[in-house]
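Taking the hints into account, I'd like the entire structure generated from these sequences.
There are 4 protein chains.
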Amino acid sequence: MKNKSTLLTKFQRCRKYSIDICEPLVTEDYSLQAEIFTSPTKWHIAHTSWFFETFLIKPHFKNYQTPNPQYAVLFNSYYNAVGPQFSRNRRGLISRPTVSEVLEYRSVVDEYMQKLLSSDITAEQDYLVRLGIAHEQQHQELFFTDLKYSFYLNPVFPTYQILSDSEQTSLFATQTIATPNSWHNYDGGLVDIGSKDEVFSFDNEGPRHRQWLQPFTLSNRLVTNSEYLEFIADGGYQRSELWLSDGWALIQKEQWQKPLYWNEIDGLLHNYTLHGNQPINPNAPVCHLSGYEADAFASWAGARLPTETEWEHAAQSQLVIGEKSKFLTPHPIQDSHTSADLTQLYQQCWQWTSSAYSPYPGYKAASGAVGEYNGKFMANQLVLKGSSCATSENHARVSYRNFFYPPDRWQFTGLRLAKSQ
Amino acid sequence: MKNKSTLLTKFQRCRKYSIDICEPLVTEDYSLQAEIFTSPTKWHIAHTSWFFETFLIKPHFKNYQTPNPQYAVLFNSYYNAVGPQFSRNRRGLISRPTVSEVLEYRSVVDEYMQKLLSSDITAEQDYLVRLGIAHEQQHQELFFTDLKYSFYLNPVFPTYQILSDSEQTSLFATQTIATPNSWHNYDGGLVDIGSKDEVFSFDNEGPRHRQWLQPFTLSNRLVTNSEYLEFIADGGYQRSELWLSDGWALIQKEQWQKPLYWNEIDGLLHNYTLHGNQPINPNAPVCHLSGYEADAFASWAGARLPTETEWEHAAQSQLVIGEKSKFLTPHPIQDSHTSADLTQLYQQCWQWTSSAYSPYPGYKAASGAVGEYNGKFMANQLVLKGSSCATSENHARVSYRNFFYPPDRWQFTGLRLAKSQ
Amino acid sequence: MKNKSTLLTKFQRCRKYSIDICEPLVTEDYSLQAEIFTSPTKWHIAHTSWFFETFLIKPHFKNYQTPNPQYAVLFNSYYNAVGPQFSRNRRGLISRPTVSEVLEYRSVVDEYMQKLLSSDITAEQDYLVRLGIAHEQQHQELFFTDLKYSFYLNPVFPTYQILSDSEQTSLFATQTIATPNSWHNYDGGLVDIGSKDEVFSFDNEGPRHRQWLQPFTLSNRLVTNSEYLEFIADGGYQRSELWLSDGWALIQKEQWQKPLYWNEIDGLLHNYTLHGNQPINPNAPVCHLSGYEADAFASWAGARLPTETEWEHAAQSQLVIGEKSKFLTPHPIQDSHTSADLTQLYQQCWQWTSSAYSPYPGYKAASGAVGEYNGKFMANQLVLKGSSCATSENHARVSYRNFFYPPDRWQFTGLRLAKSQ
Amino acid sequence: MKNKSTLLTKFQRCRKYSIDICEPLVTEDYSLQAEIFTSPTKWHIAHTSWFFETFLIKPHFKNYQTPNPQYAVLFNSYYNAVGPQFSRNRRGLISRPTVSEVLEYRSVVDEYMQKLLSSDITAEQDYLVRLGIAHEQQHQELFFTDLKYSFYLNPVFPTYQILSDSEQTSLFATQTIATPNSWHNYDGGLVDIGSKDEVFSFDNEGPRHRQWLQPFTLSNRLVTNSEYLEFIADGGYQRSELWLSDGWALIQKEQWQKPLYWNEIDGLLHNYTLHGNQPINPNAPVCHLSGYEADAFASWAGARLPTETEWEHAAQSQLVIGEKSKFLTPHPIQDSHTSADLTQLYQQCWQWTSSAYSPYPGYKAASGAVGEYNGKFMANQLVLKGSSCATSENHARVSYRNFFYPPDRWQFTGLRLAKSQ
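Chains as they are written, first to last, in our numbering: chain X, 23 to 443; chain Y, 23 to 443; chain W, 23 to 443; chain A, 23 to 443.
It is worth saying that the hints were derived from the structure and are not from the lab. Quick caveat: nothing in here was measured; it's all calculated off a predicted structure.
If chains are identical, the list can't say which one is meant, so a pair holds when it fits in one copy or spans any two.
Straight-line alpha carbon distances no greater than 20 Å define the calculated SDA-like cross-link-like pairs of lysine to any residue that follow:
no., residue 1, residue 2
1, Lys275, Phe59
2, Lys32, Ala418
3, Lys398, Tyr427
4, Lys348, Ser414
5, Lys280, Glu249
6, Lys32, Lys137
7, Lys441, Gly228
8, Lys218, Pro229
9, Lys218, Gln236
10, Lys441, Arg230
11, Lys80, Gly105
12, Lys386, Trp322
13, Lys398, Gly257
Right, dumping it as structure tokens:
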């Protein structure tokens with residue numbers, strides 16, 4: 023039997039945070055879906071409830087009555103084993119249920135979950151609750167990235183949170199001392215990576231296993247905006263030799279010439295943030311890069327992206343420093359430490375690796391429908407390590423494997439350079 | 023000088039109706055845009071205000087300050103002469119301005135318009151006010167058709183208006199006596215069509231001019247659902263010889279097998295209405311047909327679509343009977359008259375003609391930006407005559423030329439048969 | 023009984039010409055299909071044989087054995103009543119049958135047709151033979167326009183026919199005296215148009231019928247390249263107010279800035295012809311315009327396109343002058359007559375009208391599968407009058423109705439201006 | 023200095039083979055390009071000459087005159103460093119140069135290469151000649167796979183080579199004894215993979231490097247048609263749980279239900295081969311699978327795809343047996359050995375691995391334009407090991423890394439099962 027009171031507290035804290043971050047929104051904001059890869063806020067807060075309802079409440083409470091049988095279709099993301107799904111590209115068209123009705127749905131789910139978590143639960147239920155919490159935390163990150171993407175397409179450039187002037191300064195201002203780049207050497211050899219199973223982790227983080235590494239070198243910090251500006255100024259987006267072939271084709275087609283959210287206002291480069299357009303801080307990490315842009319920058323810099331094994335091995339010996347911003351508005355900030363350590367591993371930008379997202383040796387997907395959580399996406403995507411300014415703090419662990427397609431850049435994604443010795 | 027008090031009253035009545043029909047909506051409904059050819063409710067109510075602001079207020083009140091200069095871009099539909107336009111396919115992404123802010127924008131516009139209409143106005147202003155009213159009435163119709171289209175894609179099938187049981191019966195019930203089909207003959211010869219200029223009309227309705235007509239025959243009423251069911255049962259959607267080539271290609275691609283909004287529930291055909299799914303009334307006019315389907319049905323029936331000249335000539339001798347439904351929810355209803363006249367000319371379904379939408383001899387577009395209102399669309403579209411259950415009553419005039427592309431079927435569109443003698 | 027010997031001669035002459043115009047080609051040229059709307063030469067010469075085989079030989083010779091039953095599918099263009107069709111966009115992939123095999127197929131068809139035409143034939147057969155000849159002549163025109171389109175995409179700019187220097191001069195040179203523009207007035211009133219049935223005509227040219235015309239004015243000649251250059255220089259492609267809405271969208275999407283086949287070589291405008299790139303003759307008719315470009319030019323010139331009725335009425339009083347070029351290579355040439363008549367009605371460029379291609383009053387499609395020849399295309403296309411430098415001479419008749427979609431411009435298409443009085 | 027006479031002989035043998043395999047073709051076949059990922063035969067034989075011309079002849083013979091400067095554009099595949107390229111999707115439109123002209127171009131190139139190879143050459147030239155030969159051999163494989171793909175779209179199902187009856191039997195017949203499946207175990211541990219540099223290899227095969235392997239198991243032979251038929255019969259294409267998410271989406275979109283080239287004739291399954299449709303040999307390896315299908319089959323079989331390291335490590339201890347078919351027509355044949363070894367490693371089907379195509383540790387692309395040969399494609403593709411019935415014999419080496427996108431299946435691609443121990 024697991025310690026139920028702690029788990030209930032964790033559950034409730036997580037559920038409350040999903041609502042807290044919606045607080046600055048108006049009703050109209052809850053339905054925005056700019057592209058198929060984003061989802062509306064309302065859908066996120068409904069889907070995360072659907073998850074608990076489907077995998078815990080329905081199997082446990084045989085007499086449970088769902089508020090609306092259609093929710094099983096509307097709020098199923100991609101679980102074929104559970105049943106059919108509403109078209110992903112039309113989630114913005116669900117005006118009904120309303121925001122209020124979805125919040126009522128959440129209340130019903132919360133009530134049943136409280137009942138469930140107040141009695142003894144099985145090990146499987148314990149796992150599923152922890153999975154559900156981790157799942158909801160992932161959607162809290164998507165809440166920010168999806169909202170930012172939709173807001174940006176509106177020429178009035180909506181602002182997410184109202185900050186005082188001093189708060190705004192503290193979030194966006196450039197500090198004079200920037201951490202200089204330095205290279206950390208690693209001997210390689212036989213190393214172990216993957217989750218150690220002592221705390222919760224996703225199935226894709228294990229099993230822990232051995233890898234052979236050649237000697238390699240990592241940069242102490244993330245690539246900065248000023249470094250990326252040099253790349254642009256040096257014709258980075260015009261020089262095909264720096265690019266992977268698929269990346270070169272993509273930037274021709276999309277006419278990309280700079281990171282997402284960079285735009286000129288009166289001749290000055292700004293980046294759009296959840297707090298509106300802001301001048302670019304040259305010392306802050308460059309963010310909202312696709313995997314192709316990260317790779318091209320690394321080529322230009324005479325370096326390369328790290329593999330996921332290199333990153334994880336290097337980060338294992340690192341004390342995790344995670345000073346979480348005190349504002350809701352996520353934005354990567356400048357690092358001013360002059361530490362001897364690797365910095366900015368977590369809570370700034372997800373860091374592209376050159377590793378394809380594929381199963382670890384001996385990987386088994388979880389059984390049942392939740393087995394669809396991770397395994398079936400192991401094609402065409404790259405692993406990103408670390409975490410971003412929008413990620414839940416307790417996801418900041420060394421074995422975490424995030425994954426996106428190389429063209430994706432609406433997440434808070436940047437890069438750390440690596441070299442072979 | 024024109025009679026200002028009447029015009030002000032007309033203006034206010036029209037503006038009020040736009041708000042009245044929104045009354046049953048929740049905030050979330052205002053942003054729905056299912057396809058590029060539909061617009062969100064919020065956009066309709068903003069754009070109709072933008073029209074008065076742009077063509078009347080700004081030119082007249084030199085010190086007028088718009089609530090937000092971005093509105094000039096966001097709510098411009100297609101007037102290139104006025105300036106750039108926000109992407110049409112992204113109107114659903116405008117969460118800000120909110121519904122409240124758009125209603126405030128309306129208030130400001132109404133206030134200035136009241137001021138303008140309380141003093142003497144020029145003939146040009148009089149024309150533009152009448153145009154603006156007619157324009158807003160067209161958008162009131164689009165309000166219904168666009169909302170219906172978006173609602174239909176939601177599997178919870180939202181209902182627009184709450185009706186009592188008896189009201190619902192009165193709107194949807196099948197009456198036993200259906201008007202039988204009869205054929206009315208016309209001699210043709212030299213006829214005059216087009217607006218007579220005595221009341222307001224759109225520029226595309228004139229100039230009034232002469233046409234030569236061969237003898238022809240028109241059906242007294244619209245084609246009914248039961249007749250269309252026979253067409254389907256007889257393999258109408260499988261017999262290429264009945265279809266225009268472009269239409270045949272379209273129904274293959276889209277896999278159309280029945281009119282829009284027809285769907286099976288527990289094995290029984292229903293049609294989705296703004297009052298939810300309802301059994302199909304066999305005696306009511308078939309509705310939501312594309313021009314291709316209307317044409318194919320006519321071929322199957324050994325008839326053809328009328329030309330716009332035939333329709334207009336025949337309707338000129340007809341007393342306009344327009345018993346407007348007393349409900350907000352528009353839906354075409356069964357006709358039970360046994361009149362010797364043509365019935366269902368207006369206020370049921372727009373009636374496809376075989377006439378391409380092109381300029382009348384001597385047509386001149388209005389000068390200035392409002393010249394873009396009609397003329398530039400005179401390619402690839404067909405004229406529809408009459409009016410629909412969602413059309414403003416005072417658009418029910420014989421010279422009115424509505425126009426849509428042959429594939430369009432989200433309007434309330436049906437057909438009346440014609441034959442050559 | 024019809025005069026068989028004449029018809030046989032006509033048949034043979036037509037069949038021979040299809041082969042004659044292929045003479046300059048190499049085997050590789052026969053398979054080119056650049057876009058779905060063009061067809062390879064080999065397909066044209068097979069399909070025109072398929073037409074006689076399907077509609078005349080198979081019904082008549084019960085023991086006839088086709089060289090290959092697959093040809094019935096491969097070379098059926100769009101006759102659903104005959105059977106399935108090979109994908110139109112893949113006609114370039116039919117390497118087998120080879121050119122030789124297709125020529126053998128032609129021989130078999132010719133042999134049977136000779137047999138058929140050497141005995142008495144029915145009136146229906148007579149009609150079908152004449153239709154087949156007219157059909158093949160239409161494909162002779164497509165042979166040139168499709169080949170030109172495919173050749174143009176090859177950066178080596180292949181040349182169709184080898185001309186001597188003096189021949190080339192005679193085809194492309196600019197003559198000093200250009201026909202000045204003058205306006206011809208017509209009173210209008212009740213006029214008759216449509217084929218008179220005394221000679222062969224397509225079903226879409228009839229029935230002959232009455233129309234009422236307002237007074238109008240026509241230009242004596244076609245619009246020239248120098249006039250079109252003025253339009254471009256005056257920002258014609260940048261001024262939205264000159265364009266139909268669908269046309270404006272098209273030129274944005276396709277980035278059109280000039281007629282098809284115009285290209286710059288060393289800073290000088292040339293037009294690609296079947297004889298390679300040639301300097302533009304300012305006095306020759308502007309050619310390879312879409313319907314939208316023709317319409318926009320007319321707006322810019324303060325004029326409009328004629329209706330098909332206006333064109334036909336005006337041309338009825340005109341003696342047809344058709345001095346056919348003595349070269350195989352078709353190209354519109356400068357007119358240097360100073361005639362009081364309308365010139366360039368035929369054999370230069372098809373002339374866009376503003377008339378939608380729709381059935382004449384009382385139109386009946388021919389019965390049987392050949393009924394698919396014309397009628398089913400009566401949607402979304404415009405009528406073009408006259409004929410082009412690539413059209414068979416005996417198609418140069420006043421009632422001929424050619425039809426293309428407004429975006430099409432790979433035919434030899436130009437315009438003649440009209441005005442309302 | 024390298025042994026020039028051997029290299030010249032190799033060069034000439036390779037060049038001759040490219041022409042030999044074209045021998046059964048008619049001129050019309052040389053231009054077929056069914057999809058953008060295939061190229062016409064004529065383009066292959068021109069492009070392979072362009073390679074020698076560009077990288078060897080032009081730099082060496084300063085006075086060299088190319089037969090046509092346009093060839094530098096027309097026949098450049100993807101080398102941005104060399105210059106612009108003709109649109110890849112339009113290679114089928116190059117009717118000129120003709121086949122003869124391309125063969126003349128080959129002769130010129132051969133002549134210069136013979137001159138170059140008859141004198142001393144530098145190490146770099148030696149490498150480039152070997153690269154050019156390997157390159158041409160890869161295009162010889164593409165010649166077969168591209169031709170097969172285009173032929174298949176022609177409903178007359180062309181046959182590539184004329185075989186006698188007994189030859190045909192020997193190529194396609196089912197032998198009664200099929201090799202039974204058995205599992206070979208490997209201990210894993212520290213292993214070395216990658217080319218040893220003693221013979222020619224592509225840059226992507228090195229550097230040779232160390233990897234750590236978990237214990238694993240490999241099947242002795244390729245999966246057969248009869249096993250794949252069981253997968254289909256068991257609903258393999260309908261069970262989403264067996265598929266990677268991107269694969270499932272693809273088979274829905276494309277409506278795939280069986281391997282490429284399988285088609286029903288009179289109710290019996292056949293597979294299209296370069297020798298026409300043939301009954302499926304149940305004991306022959308299943309072929310023309312996408313990576314997704316290979317992966318789904320492995321899941322269904324309770325196994326998985328091998329990694330490239332596993333495959334290479336296992337194959338290193340294997341004597342390469344490569345009994346090349348004596349016919350030009352490539353087709354994978356049944357294996358009837360009852361060997362204790364792994365069989366069918368080479369010369370039957372390329373074998374999908376689960377390994378993303380990415381750079382080996384320390385990989386450096388070759389310098390200059392040939393550096394674009396391999397490295398820039400290291401995104402979104404999977405490694406395939408072994409070789410196919412269409413591959414040049416001397417590519418049958420253990421370190422070879424072929425790569426295709428997971429959806430690709432027009433190559434001769436199959437699979438060998440693996441398991442973790």
